[in-house]
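Since each chain sits alone in its own frame, please combine them into the complex, following the hints.
From first to last, the protein sequence lines stand for chains F and Z.
Heads up: the first sequence at position 232 corresponds to 232 in the numbering used here, and the numbers run straight through without jumps.
Heads up: the second sequence at position 133 corresponds to 1133 in the numbering used here, and the numbers run straight through without jumps.
Because the hints were derived from the structure by calculation, they are not lab data.
Quick caveat, the model's predicted, so the values are computed rather than measured.
Heads up, the beta-carbon is just placed ideally off N, CA and C, and yes, glycines get one too.
None of the hints are false.
Here are the computed lysine-lysine pairs in the DSS-like style, where the Cα-Cα straight-line distance is at most 30 angstroms:
#1 F:K337 <-> F:K315
#2 Z:K1034 <-> F:K51
#3 F:K398 <-> F:K103
#4 F:K103 <-> F:K51
#5 F:K88 <-> Z:K1034
#6 Z:K1027 <-> F:K88
#7 F:K103 <-> Z:K1034
#8 Z:K1034 <-> F:K422
#9 Z:K1122 <-> F:K165
#10 F:K103 <-> Z:K1031
#11 Z:K1003 <-> Z:K1122
#12 Z:K1122 <-> F:K88
#13 F:K422 <-> F:K88
#14 F:K364 <-> F:K472
#15 F:K51 <-> Z:K1176
#16 Z:K1031 <-> F:K84
Derived contacts from chain F toward chain Z, CB cut-off under 8 angstroms, selection only:
#17 Y27
#18 S126
#19 T159
#20 I163
#21 P254
#22 E265
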Amino acid sequence: MAGQTLYDKLFESHLVRTNEDGSSLIYIDRQVLHEVTSPQAFEGLRLAGRKPWRVDANIATPDHNVPTTERSGGVDEIVDPVSKIQVKTLDENCDEFGILEFKMNDHRQGIVHVMAPEQGAILPGSTAVCGDSHTATLGALGALAHGIGTSEVEHVLATQCLITKQMRNMLIRVDGELGLGVTPKDVVLHVIGVIGTAGGTGYAIEFGGDVFRAMSMEGRMTVCNMAIEAGARVGLVSVDQITIDYFEGRPFSPKGEHWDAAVAEWSSLVSDTDAEFDAVVEINAADIEPQVTWGTSPEMVVGISGQVPNPDAEKDKVKVDGINRALKYMGLQADQKITDIQLDRVFIGSCTNSRIEDLRDAAKVVEGRKVAENIIQALVVPGSGLVKAQAEKEGLDKIFVAAGLEWREPGCSMCLAMNPDKLGNGEHCASTSNRNFEGRQGFGGRTHLVSPAMAAAAAVTGHFIDVRELIK
Amino acid sequence: MNKFTLHTGIAAPMDRANIDTDMIIPKQFLKSIKRSGFGKNLFDELRYLDEGQPDQSCEGRPLNEEFVLNQARYQGASVLLARENFGCGSSREHAPWALDDYGFRSVIAPSFAEIFYNNCFKNGLLPIVLHDDKIDQLFNEAAVTEGYQLTIDLDRQLVVTPSGEEMAFSIDDFRKHCLLNGLDDIGLTLQHGEDIRAYEEKRRQQAPWLFGAIK
Ligand code: SF4
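Bound conformation, chain Z alone (with noise of 0.2 angstroms):
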């Protein structure tokens, strides 16, 4: 999992309250083996104007030119701005999946659906919880400001704004740890790797036809 200590990118507002997890990543695509490439089905139904289907090219299909991440001035976008309830819907990790894979690495809304927040942490990104006055504030000023970048740093839980106003967030601590050591629940795991190294040892002394018996 990628690590999250500071991270400064351009702010795309994405004006809309409630988007659930099939807006996010529509279902045609959930049948995948994969988990990556999704990010070219990001938000497939707002962003396109015909339908989209699996394993189809999106290079020539038509934009919806007026949504937000088809505009020039938010190509490159890292930072999502959004509304309540962010994220509602689906248990699958796809919704995370396709918003790392566009390129997103942290989501700021003043409240997101729990599971979607769970699962973000899983995948290193990292859903921001702020005011709604502090959105409203955020969404105000990217509109005006063209090129419009946040800071986000992990380590003082601030987002830090282009006039240099810091706005804290708070963060529950082991997620903290695990964002910005890259921890996942594996990493987690391969940090007791000592503990599982030395366990093997001895299995291997105790029961030696279970190694190397299987090629």
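So here's chain F without its partners, still in its complex pose (with noise of 0.2 angstroms):
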């Protein structure tokens, strides 16, 4: 019999029960709670009578709609009405419910995705479920995690399980080694250029290969974050000693004998040598350099050395006229060289790129830099109260401010525009986000998906430029 890929070891190992229609019934060890997704789930929770089945499965804090500039006065002083109520609703269900919250002031707040983590609140070998679909981050840990929607969220408070159907499994292997200068963001992104934003759909993809082995945890969240914009709902690395070492000290990890049994128990969740997968993709590391999405999709994507497509030489008439409307929106021109897009605003955050390695790579660039006359804001908004506070212990903020970019508070912010950080119409934003939708940073704005260190650079120079000219 053939070996087992690490989705599949998951997936076996928390199934319940196969429905008689061929779903499955997986059971969920964790579930992460934010303010978008879950008052009507626990709406529907409270009308039919429920409770959660198990309390001490999930963990909770508000991240979408937050402020991100001074917030002392806390959820009464929310300017928005609507985002004022739902940061409400869900601290009164918590407390109703007895689950565990870090509200929008506590110092642990954050992303869902970066604080969960950050806690240990997510650990190798675990199911997890959040009403978001960037929840495939969480992959990077080795647990198997789903972005679920409303109603899902209640099944899931209601049950601790999940209906759902196997995936057939990916491998993407980028073996050699990463050039100076290029992230983890450069590796997702460029793999989704080459895979297509519906080349994972149906998946779970496991990132494999030297350049996955020795990137940290961050850097595997990152790429796992985008695994959605991939079309997989599932992300994946397999766990190693990297892992392990993360986990250690972490708040809700195991502790003294269980630490020892659980690490005992994570050394198995990997693929093993001879798994099948069903599809395979290679990628050499040598041939990525820093990208620039110049379009509306995250696989409308480019290297920094490259210019904007020219729909003259595409053939496929669909792709034609994906170009065209997406040449219009971005009110760019073909062939237009990627270092020549003039920018008006710059966004270091989401939960895609705030955690504490992408600030630090963030600030090398910019120390001792000014940011550009033409950039009318640059924001850096740390993925969390903790990170917020490490980067501030290592001057990070100092940096920043000194180069003249806004240090906030942290939040989803400009990544989805639910707050008050947006773009205006027309604008063009640098941003390390993981959406380039129309509208997505705000109704007309243009974004363009880089690494912190390229929207570093773009901050200072005022154009997109390869970071690599300024950290020789």
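Now the structure itself:
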């Protein structure tokens, strides 16, 4: 019998039963809740007179709607009434049902996918869900993590199970060594450029090969975070010593005897060497340079030395239309050099790139430089209160502020513009977030996805530039 | 979810085809964080003469006296008689939530929009398809008889008129089973509660660190 993939091991070890219609019930070890997708789920529980199956499997924090400017006034001073009511409702629901919540001004509050691993709330070998599609991030920990919708949030609260179907397996292998200035974000953008935004549909993607083995946990989270932009609901990295070291001493990590038993179990959380994947994609690390998206889908991406594509060079009618529509929305010319794109704003943050390493990368580039005159605003939004505290301990906040960037409170911020941080109509933004869809960062806003180092380089020069020229 | 077995209630005739989900519950009310409380804004634009706002009390708003649900004889109605393609439009569940919250248990029409039809079952509301002739007959009888009530017997799949006439309807077995037993997805999964508990016990032995850690 062929060996098993990590995904199949995780899936099968959580199987409660297979239903008559072929779907499966899998047990969920952890649910992470936030204010946008949980209110109607709690309401549903109340209306049906149900209680959460297991309170201690849940952890919550508000992130999408919280203001990132000074907010010591608390929830009552949130200006937008819809935001305020969502954050308040989360507080009330968690209080009522006894669920642990890091409230808006708790120093542990943060973006769900940053907060949960940092606390050790999601552990290797566990299953996790959250009502947000970027839950794939947590697969970097060797956990099986699914993004789900509101009715499923309620289902997991009430039953501790998710109804799902086993997916197929895809391996993305990146071997070799990454060049200077090439980061995990560039790797994942390149991968999406290769396989396309639907390339991973129906698959659980495992990221394997030298590059991921050498990558830090933060980097692996950046990569898995964007598995969903390649169409896959699940992204995974096999467990190794780097994973185990990451969890040692975290607040909800196992302690003492439990730690030893956990480590022994976690060590088996790898795809067997003879495991068979339904699809394999191989990429050479040396082919990856810093990436920039030029269009309105994450697959519309090129290396920094490249140029905006020309629809005339494309034969497929659907693709030609797609390029033309994107060029028009983005206000770009065919064949324009990427380095000629002028920018208006810079956003460093989001669950893709707001962890401490991301902020270090960005700070290294802006240190001793100034934000360019044409940049209206450059935001740095740490992913959690703990990331913020760590960055301040290292003096990164001072470097950002001295260079003219704004240092903010943790939250989703300009990633999706549900709070006051937004792009103006027609403005170009170098953003470390994960979606460049039309209007994602504000009505008419034009998003270019890049790594933190590339965003920082763009901030100090006012246009895209190969970050390797600044960190030589 | 509410069980549906046998129900008798006043039938209100809504004589209009293609009632869409925006008519059932206008979009300004969808921003709510709740799934209850939509009943007072059910059919808001048809029911009131002014424009309804979220969070506004509906007491004292000018009523459209002609609208069927505002007529004295249909107060307390729990069965809605409707025309073809009822519930077309959006996939959001606010439309069945609003009907349910108002007090409707069943909608009888010659045809329904598919997503709405599915959403009804998830929310304990029984959509019944009857032939045009039967629908016409029910509309006529309801118009001439004040306090006209219909009995719906889900087990026998019958709509029974006050004169005792029985009208058969068809329904998918699985959905019938769920409604008769008050089972939504969650209810169905909870039927396997023992399997879940057995798994959980095994899990607790295997990975005790995942239990009781977060508090
Ligand atoms: S940072 Fe952006 S992508 Fe991540 S959870 Fe928040 S809104 Fe979603």
